[in-house]
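There are 2 protein chains.
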Amino acid sequence: MEHQVEDHIVSAATPEHILQVGLGFWASKTLLSAVELGVFSTLADAPADLPTLQRKLALHQRSARDFLDALVALKLLERENGIYSNTADTDQFLDRGKPSYIGGILEMANARLYGFWGSLTEALRSGELQNESKGGGESPFVAMYADPKKLRGFLSAMSGISAGAAQAIAANFPWRDYKTFMDLGSAQGMVPATLAGAHPHLSGIGFDLPQVKPVFEEFIAQRGVDDRVRFHGGSFFEDPLPKVDVIVLGHILHDWDLAQKKMLLSKVFDALPKGGAVVVYDAIIDDDRRKNAFGLLMSLNMLIETPGGFDYTGEDCQAWMREAGFSETRVEPLVGPDSMVVGLK
Amino acid sequence: MEHQVEDHIVSAATPEHILQVGLGFWASKTLLSAVELGVFSTLADAPADLPTLQRKLALHQRSARDFLDALVALKLLERENGIYSNTADTDQFLDRGKPSYIGGILEMANARLYGFWGSLTEALRSGELQNESKGGGESPFVAMYADPKKLRGFLSAMSGISAGAAQAIAANFPWRDYKTFMDLGSAQGMVPATLAGAHPHLSGIGFDLPQVKPVFEEFIAQRGVDDRVRFHGGSFFEDPLPKVDVIVLGHILHDWDLAQKKMLLSKVFDALPKGGAVVVYDAIIDDDRRKNAFGLLMSLNMLIETPGGFDYTGEDCQAWMREAGFSETRVEPLVGPDSMVVGLK
Numbered sequence: 224m225e226h227q228v229e230d231h232i233v234s235a236a237t238p239e240h241i242l243q244v245g246l247g248f249w250a251s252k253t254l255l256s257a258v259e260l261g262v263f264s265t266l267a268d269a270p271a272d273l274p275t276l277q278r279k280l281a282l283h284q285r286s287a288r289d290f291l292d293a294l295v296a297l298k299l300l301e302r303e304n305g306i307y308s309n310t311a312d313t314d315q316f317l318d319r320g321k322p323s324y325i326g327g328i329l330e331m332a333n334a335r336l337y338g339f340w341g342s343l344t345e346a347l348r349s350g351e352l353q354n355e356s357k358g359g360g361e362s363p364f365v366a367m368y369a370d371p372k373k374l375r376g377f378l379s380a381m382s383g384i385s386a387g388a389a390q391a392i393a394a395n396f397p398w399r400d401y402k403t404f405m406d407l408g409s410a411q412g413m414v415p416a417t418l419a420g421a422h423p424h425l426s427g428i429g430f431d432l433p434q435v436k437p438v439f440e441e442f443i444a445q446r447g448v449d450d451r452v453r454f455h456g457g458s459f460f461e462d463p464l465p466k467v468d469v470i471v472l473g474h475i476l477h478d479w480d481l482a483q484k485k486m487l488l489s490k491v492f493d494a495l496p497k498g499g500a501v502v503v504y505d506a507i508i509d510d511d512r513r514k515n516a517f518g519l520l521m522s523l524n525m526l527i528e529t530p531g532g533f534d535y536t537g538e539d540c541q542a543w544m545r546e547a548g549f550s551e552t553r554v555e556p557l558v559g560p561d562s563m564v565v566g567l568k
Numbered sequence: 224m225e226h227q228v229e230d231h232i233v234s235a236a237t238p239e240h241i242l243q244v245g246l247g248f249w250a251s252k253t254l255l256s257a258v259e260l261g262v263f264s265t266l267a268d269a270p271a272d273l274p275t276l277q278r279k280l281a282l283h284q285r286s287a288r289d290f291l292d293a294l295v296a297l298k299l300l301e302r303e304n305g306i307y308s309n310t311a312d313t314d315q316f317l318d319r320g321k322p323s324y325i326g327g328i329l330e331m332a333n334a335r336l337y338g339f340w341g342s343l344t345e346a347l348r349s350g351e352l353q354n355e356s357k358g359g360g361e362s363p364f365v366a367m368y369a370d371p372k373k374l375r376g377f378l379s380a381m382s383g384i385s386a387g388a389a390q391a392i393a394a395n396f397p398w399r400d401y402k403t404f405m406d407l408g409s410a411q412g413m414v415p416a417t418l419a420g421a422h423p424h425l426s427g428i429g430f431d432l433p434q435v436k437p438v439f440e441e442f443i444a445q446r447g448v449d450d451r452v453r454f455h456g457g458s459f460f461e462d463p464l465p466k467v468d469v470i471v472l473g474h475i476l477h478d479w480d481l482a483q484k485k486m487l488l489s490k491v492f493d494a495l496p497k498g499g500a501v502v503v504y505d506a507i508i509d510d511d512r513r514k515n516a517f518g519l520l521m522s523l524n525m526l527i528e529t530p531g532g533f534d535y536t537g538e539d540c541q542a543w544m545r546e547a548g549f550s551e552t553r554v555e556p557l558v559g560p561d562s563m564v565v566g567l568k
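As given, the protein sequences belong to chains A and B, one line each in that order. So for the first sequence, the numbering used here puts the first residue at 224; every next one is plus one. So for the second sequence, the numbering used here puts the first residue at 224; every next one is plus one.
Next up, chain A with everything else stripped away, as it sits in the complex:
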């Protein structure tokens, strides 16, 4: 997604930019409903005309044409001579039948986040999360991980939002210098699968709560890397960490408060050998906190979703790493709003 808002859409003295952002939930919810209805998976099977699609998707006569043409205007579908088809992007990323599917994050946004964000004003005033755990007191992950169907949805969502970064980390980090890695909070295993797929000399571990095991193993087998990637069940707060050369934390640190973040980095430092490395990635906010809109909004999403989580700048993360004992640190952009912060022991 766009790393920052483009200058050209802000022009003096017209309300266009304001209305575009303020009513932006229309386009957003239209795409979320399209994913829910299976528009892109249906069109991946075969391009189709309006009556066919209306029937296959069980759309009402009144809504079908506007809905599909809105997706065309949003550049999420193509239409030639009355036949609708996927764009290259939506065919690759939103067809449930392909391993490159990233729609899990949008399914979760549709089923959970869109509604919870309706209480943003309350969250801004109270500092309290607004999801299923609202008014409870338990970690949101406890509720999520207790329900196999919700868990599978969440893990698939995490793959959706990690796919691009996983490829960039596989390409940009000097993996030739290392032999083993662990992805801490691996979810379905997008990062381990991508790293092992790109680098045949690597073997790795996906570390997550024990309930994740079957979903992880299914995904890793689908990706054909189950000979070199295995699952290790545990809690990264309570259990010891396996020994590997490189530990990756992707979309993990932002879930937790400052003390928990520092504790995790310290525990990672202790687990690594001399010469080992930690790779933290998130939608890292620019140090001046004025460009990476997505990173700042992701931090508000942590407000909605967690008791104390927040996103952070590269400077913040490097300071915590040095405090944990890492001798050298650096920040490198990955893709879109994501960057990685690397620390060497």
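Treat the hints with caution; some may be incorrect.
Intra- or inter-copy, both count: the list cannot distinguish identical chains.
[Said to hold, decoys possible] Taking lysine to any residue and the SDA-like style, the derived pairs with C-alpha atoms no more than 20 Å apart in a straight line are:
id: 1; residue 1: K357; residue 2: G338
id: 2; residue 1: K373; residue 2: E441
id: 3; residue 1: K514; residue 2: A287
id: 4; residue 1: K514; residue 2: V295
id: 5; residue 1: K321; residue 2: E239
id: 6; residue 1: K321; residue 2: E461
id: 7; residue 1: K490; residue 2: H474
id: 8; residue 1: K514; residue 2: A311
Don't read these hints as lab results, they were simulated from the structure.
Given chain A's structure and the hints, the job is docking chain B onto it.
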């Protein structure tokens, strides 16, 4: 707002565009909450630092900085040396203390539409509206117009979404050839106030349901054109229309089904003198239905809000006008996604 999605944000084989649109409700709801909390009105009084704003807006310590910096990254606030201030746009259009305020549409989006759009999938399947009138059978305007507070909010919202078009119609239509006009479904009176303000030789009428009268007269007096603009209470379906040279219908035709649209145009034709004109404006959809995303999404908003309303192309509207008897018709772009369709009798 953007008339169409820019090509540069669509790049092959990355999920960025998909995630940007799909999670676009984050930015949208952040702006809606900012309007609700009075961020821009507060900063119009005086630029302020983080602790001051946190106190004035009653924001929680956890959320304040991310929220305000997200608004900076979205180019809705500025921040220099730790002092937050409005941008030129947000100062002009989102300060409740200024007559140029257009935030009513965003207040309504925040209080009503964001939630109702959560049921878009159901609307797509059923063809049924999803607002306060859901499951009822009465016109949504009946419920809205019966509650003075909701009515005032709705009328102010209509001003917000009409301000830009009103200025363009004042500038682009040959008003020198006419002396009198009527805005049919005037709401608060943004169009009559703008036309009369720009053209001292014009006098006009705002026509709307009788309940609108006090809100209209207050707005028109504020704009200083109450000597030439008066209110006429009535139903445009049931009551005769006053005689004027030009009748304007802005964001009116899209509220109604095809038979009602044609009936209204026919009634307008009958009311006009020979040589008179009708000016219809809406977020008119491009004839090929593939560019004006906002117009197509507005049509889905009519699905959410009305029993049979829909937006339409310039070609559609010109055909209905010719069927009603208008001899000459043309389509002219106004501003952003809005165009006007002109018919001459």
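Taking the hints in turn, this is what the structure says about them:
1. K357 - G338: Classified as both; 13 Å inside a copy, 19 Å across copies.
2. K373 - E441: within (17 Å within a copy, 53 Å between copies)
3. K514 - A287: between (38 Å within a copy, 17 Å between copies)
4. K514 - V295: between (29 Å within a copy, 8 Å between copies)
5. K321 - E239: between (38 Å within a copy, 18 Å between copies)
6. K321 - E461: neither (36 Å within a copy, 56 Å between copies)
7. K490 - H474: within (17 Å within a copy, 60 Å between copies)
8. K514 - A311: For K514 and A311, only the inter-copy Cα distance (19 Å) is at most 20 Å; the intra-copy one is 29 Å.
Consistency note: the structure conflicts with earlier hint 6 alone.
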